[in-house]
Amino acid sequence: MNPVAAKQPRGLKKPSKLSRAFLLKLELRSHPTLLCVIRGALEPLMEMLNFSPEQNRAIIRAVDEAVSNIMRHSYRGRPDQPIELYCNRLHRRNNGETEQGVEILIFDCGPAIDTTKLPARPLEEFRPGGLGLHIIRGSMDSVQYMRAGRLNRLRLVKYARSSKGGCGSEEEKPS
Amino acid sequence: MKITARRVDKATILDVSGNIDMSNSPEVRKALLREIREKGVTRVVLNLTGVAYIDSSGVASLVEGLKASRESGSRFVLFGLNDSPREVLKISRLLKLFEVYDDETQAIAS
Chain D
2 MNPVAAKQPR GLKKPSKLSR AFLLKLELRS HPTLLCVIRG ALEPLMEMLN FSPEQNRAII
62 RAVDEAVSNI MRHSYRGRPD QPIELYCNRL HRRNNGETEQ GVEILIFDCG PAIDTTKLPA
122 RPLEEFRPGG LGLHIIRGSM DSVQYMRAGR LNRLRLVKYA RSSKGGCGSE EEKPS
Chain F
659 MKITARRVDK ATILDVSGNI DMSNSPEVRK ALLREIREKG VTRVVLNLTG VAYIDSSGVA
719 SLVEGLKASR ESGSRFVLFG LNDSPREVLK ISRLLKLFEV YDDETQAIAS
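Sequence order for the protein chains is D and F.
Here our numbering = 1-based position in the first sequence + 1.
Here our numbering = 1-based position in the second sequence + 658.
To be clear, the hints were calculated from the coordinates, so they are not data collected in a lab.
Fair warning: there could be bad hints in the mix.
Unchecked claim - With a straight-line Cα cutoff of 20 Å, these simulated EDC-like cross-link-like pairs (lysine to aspartate or glutamate) come out:
{"no.": "1", "chain 1": "F", "residue 1": "Lys748", "chain 2": "D", "residue 2": "Asp142"}
{"no.": "2", "chain 1": "F", "residue 1": "Lys748", "chain 2": "D", "residue 2": "Glu55"}
{"no.": "3", "chain 1": "F", "residue 1": "Lys688", "chain 2": "F", "residue 2": "Asp741"}
{"no.": "4", "chain 1": "D", "residue 1": "Lys26", "chain 2": "D", "residue 2": "Glu44"}
Quick caveat: nothing in here was measured; it's all calculated off a predicted structure.
Extracted from the complex, chain D is given alone in its bound form (with noise of 0.2 Å):
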């Protein structure tokens, strides 16, 4: 189906406190082939917002899974159903510096989530799949999940000075 041709649905009804203004704001439908304009689009706003080049992959890597996430799961598959992405800029002091960070709502209007019976399986595990959510929650700082009225909303966030590069170790034991 052509994203573009697909019926558009009526944008999502979001709580109030949306109303502040963001750095970016991306309404899409949920077409997998619209993953690769998510990605164009981040890539030079997180090149802005001075994240480092390993940094900048981590968060593309974060978003796209989580998008394909809704896509899969939450979407069931359906191309046509809407999908908003918002970034912000965040800052926090940490030992007498600021550091900068950027913060990505992402909503949905699928289904309630149970977050007891995500697909994430053992990394010790050697089968396809289940890897989305490893990947999420390795390349950022926050990883949260909540129900906003009828809305799912993934809340990520990930600062600049980081100690989570991008591709973690492979030595490291699963959070």
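With chain D held as given, fit chain F onto it using these hints.
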């Protein structure tokens, strides 16, 4: 994304260009399994030089290829990993399971 197959000695080299994500990873899986299971090629070499990004569904396709090669007694080799594909295999703790070479010459000679 584009996949083309060529034959070098007894190996089939699959040249992949473009990004691999959930929109096209089934094509990678299909191409790998066709060479390994249907054609019975004894060595399948995946050229990832032209691939800047692989998501978890792409990684799953590579894992399926590796499993199929082990089951059929053939070899499945990767070369030309860029930063992002290397990182995603590392974070998935799969990098050590694959035979990975820097270039085609090494991959063929292995």
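May I ask which of the numbered hints given earlier this structure violates, with the numbers listed in increasing order? 3
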